[in-house]
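Going down the list, the sequences are from chains A and B. In terms of my numbering, the first sequence opens at residue 1 and continues consecutively. In terms of my numbering, the second sequence opens at residue 1 and continues consecutively.
Think of the hints as simulated: they come from the structure by calculation, not from any bench. Treat the hints loosely; a few may be bogus.
Since copy identity is lost for identical chains, a pair holds within one copy or between any two.
[To be verified] Mimicking BS3-like on lysine-lysine, the simulated pairs with C-alpha atoms at most 30 Å apart in a straight line are: (1) Lys239 - Lys156; (2) Lys114 - Lys258; (3) Lys377 - Lys46; (4) Lys82 - Lys49; (5) Lys377 - Lys32; (6) Lys342 - Lys85.
Protein chains: 2
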Amino acid sequence: MKKLSNLALGIFLLPIKFDTLIIRFGGEIGIKSEWTRRSYENLILKNIKKTLTFYNIKPKEFLRHPGRIYIKMEKPLAASEKLVKVFGISSLSPAIETTSDLGAIKKRSLELAKEKLGENSKFAVRCRRVGSHPYTSMDVCREIGQAILDGLADRKLKVDLENPDAEIQIEIREDKAYIYSEVFYGPGGFPLGAQPKLVCLLSGGIDSPVACWLVMKRGAPIIPIYFDNYPFTDETTLKRAVAVAEKLAEWAIGYPMKFYIIPHGPNLIEIKEKGPERLTCILCKRMMYRIAEEVARKEKAEGIVTGESIGEQASQTLWNLKVLNEAAKMYPVYRPLIGFDKVETERLSKKIGTFEVSTRKAMGCTAVPKRPATRVKLKNILEVEKTLDIDGMVRRSIREAKILTLSKK
Amino acid sequence: MKKLSNLALGIFLLPIKFDTLIIRFGGEIGIKSEWTRRSYENLILKNIKKTLTFYNIKPKEFLRHPGRIYIKMEKPLAASEKLVKVFGISSLSPAIETTSDLGAIKKRSLELAKEKLGENSKFAVRCRRVGSHPYTSMDVCREIGQAILDGLADRKLKVDLENPDAEIQIEIREDKAYIYSEVFYGPGGFPLGAQPKLVCLLSGGIDSPVACWLVMKRGAPIIPIYFDNYPFTDETTLKRAVAVAEKLAEWAIGYPMKFYIIPHGPNLIEIKEKGPERLTCILCKRMMYRIAEEVARKEKAEGIVTGESIGEQASQTLWNLKVLNEAAKMYPVYRPLIGFDKVETERLSKKIGTFEVSTRKAMGCTAVPKRPATRVKLKNILEVEKTLDIDGMVRRSIREAKILTLSKK
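When you get a sec, could you build the whole thing from the sequences and use the hints?
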């Protein structure tokens, strides 16, 4: 029955052809000064172009308007799937372009409605309009709504502005109109590259990639540093970290990502030999901070990012974090998850796409003591550290570091 | 018609009497070591008791079980409204207590169903059971479901396990049963007092109170510091900050909150005299960090909290944040919003209850330059600072500080 009526309408087996992708920018960009706003929008556009090139998608034309870009292209739906990972984009809609002539809008809206509205659907028509036209936005909503009701009378549709099953949206801009029904959400934030680089402690577990992602979202490209604790961890742990970084690189197309592998096992052996067991994690992490500072200096990064959250692990009490922090002398340590609950971090890691990789089986660090100290005193740490060749460890770690490039050119 | 049938059922004008409040703890507490878990649960219980006392609510009895507390009390619904602001609580349900006898459960469940299920409602019965009983959980669901269908036959109810309008939930624990239908969500996190104190830079705008709340959620009581920039701001700004802190204090019942008012205007006058205009904000904030460190030392706090977010203001680029950070020599600076978008911060501030106060009309700081520098160089800052009496400013600021106590004893 339904097939017949589709056939009768002449659209059977002919899916609608979207020809435009509408891209909207984050609201926070809109409230910046004119100069900042324009430079952010330029950067988003650059990142969009890099992403399309990387995925071999060929746009035909870019039309810029305040707060949005219209890209003329084939298959804008497929492009949306890639561009939802471009920071600074708040939402995207594959659309049909037509002229601002009401007859043309009616015809193309009806085509879209035919595809989107099933029998007994409740629908709404919405209209935004920029420019001067012989009709109001209200006129458009009313006329297109009526045209859909009439054109698809056999489907028993109902208008419902409050709680529709689907929406037919029309954006009219001067002599053009764009018709769409889907809105996909981007990550928001600021375009990658709007801020300088940050180095990140990346273990590959659930937390650290989320911390990385959050600073990327605010515009900072990252340089992940993996501390290879072999023989206290093994290759599974390293592979997981690389796989996680590769997931993060999908959010950084056009920004080749350096990935540092620091041979930290020898440092940890020395720490375990000279320090009391309960202090192992703090001594180990203070070394990580120091080595990260050296990488930041080399790479001209402006700070260090960690996945630490208050109380999330025994080593992450505020007493301990203060002692850790003291080891970073040159760079700020940013901890985007400091106030996150584990469940919030997990939720975000699923959204980012790192959760599945982060929860793969990998060897946990066997150097972790049974009862790590939760209220470390700096004095005690400094005493143990007197017996360690800290500068030597930092130098060796940097010298023997392996650097991968996770390139998404 | 409906009234008649209610009358016939004998419940007209007799709302059901809940006698128990079920309180569930956050999932993150459950995965802690036995010792930590118990100490956190003890602390939540202590904070719950303080909150009930503050609001003059008199509980009759506390029953503790792993992961939850049952409080016998009158009006548990009213108590829930207060306890949703106790950190560490993940959810609450006002409930009816009865025995584990199936007949008793049936009778009380039917009473609750009468009140909760309107005509044509779809409902589900859920059951959790701990202990040994002559029935399974499935038996309970089936029998209670049937009893409700029979007892309220005139309401044309339908069982729908997937997508019910309302749920009748039954928790059976040894010889007792608890029946409820509502679940209110608490803030999660860790109990206040699980971590040491932090001092917080609180301007009273949208961001800083959210940053405060996030560290409170992880267990740290806060000491807000307001920098009074008079004559560059006025009383409206101060009043707004105090009002915001009072909102935060509602989340810290039992932890009297000290509130520092630092007369920062004189410092700012000196900064404006001696430094170039474009550096005013950085110089001003570096002084705030230094004064905050001194307050932290005095108050035995373990760190400083700010509402900074990458790129949120011109002064908050990563270049500038690095220069700011350099001023904090003794304490870590925590920035819970570092990776937040403005829209996310606003959403959270509405949830916390500070948004309305934070957006009240208040005078913005008139010392802010038209074009603040976004890429400050530390070298330039240090040069200007040589001409300032920094130690003198810190000492005077602390000496002339006013300290309020926002007591929610």
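Status of the hints after comparison with the structure:
| no. | hint | in the structure |
| --- | --- | --- |
| 1 | Lys239 - Lys156 | neither (56 Å within a copy, 58 Å between copies) |
| 2 | Lys114 - Lys258 | neither (49 Å within a copy, 64 Å between copies) |
| 3 | Lys377 - Lys46 | between (49 Å within a copy, 28 Å between copies) |
| 4 | Lys82 - Lys49 | within (11 Å within a copy, 52 Å between copies) |
| 5 | Lys377 - Lys32 | between (44 Å within a copy, 23 Å between copies) |
| 6 | Lys342 - Lys85 | both (23 Å within a copy, 19 Å between copies) |
The earlier numbered hints that this structure contradicts are 1 and 2.
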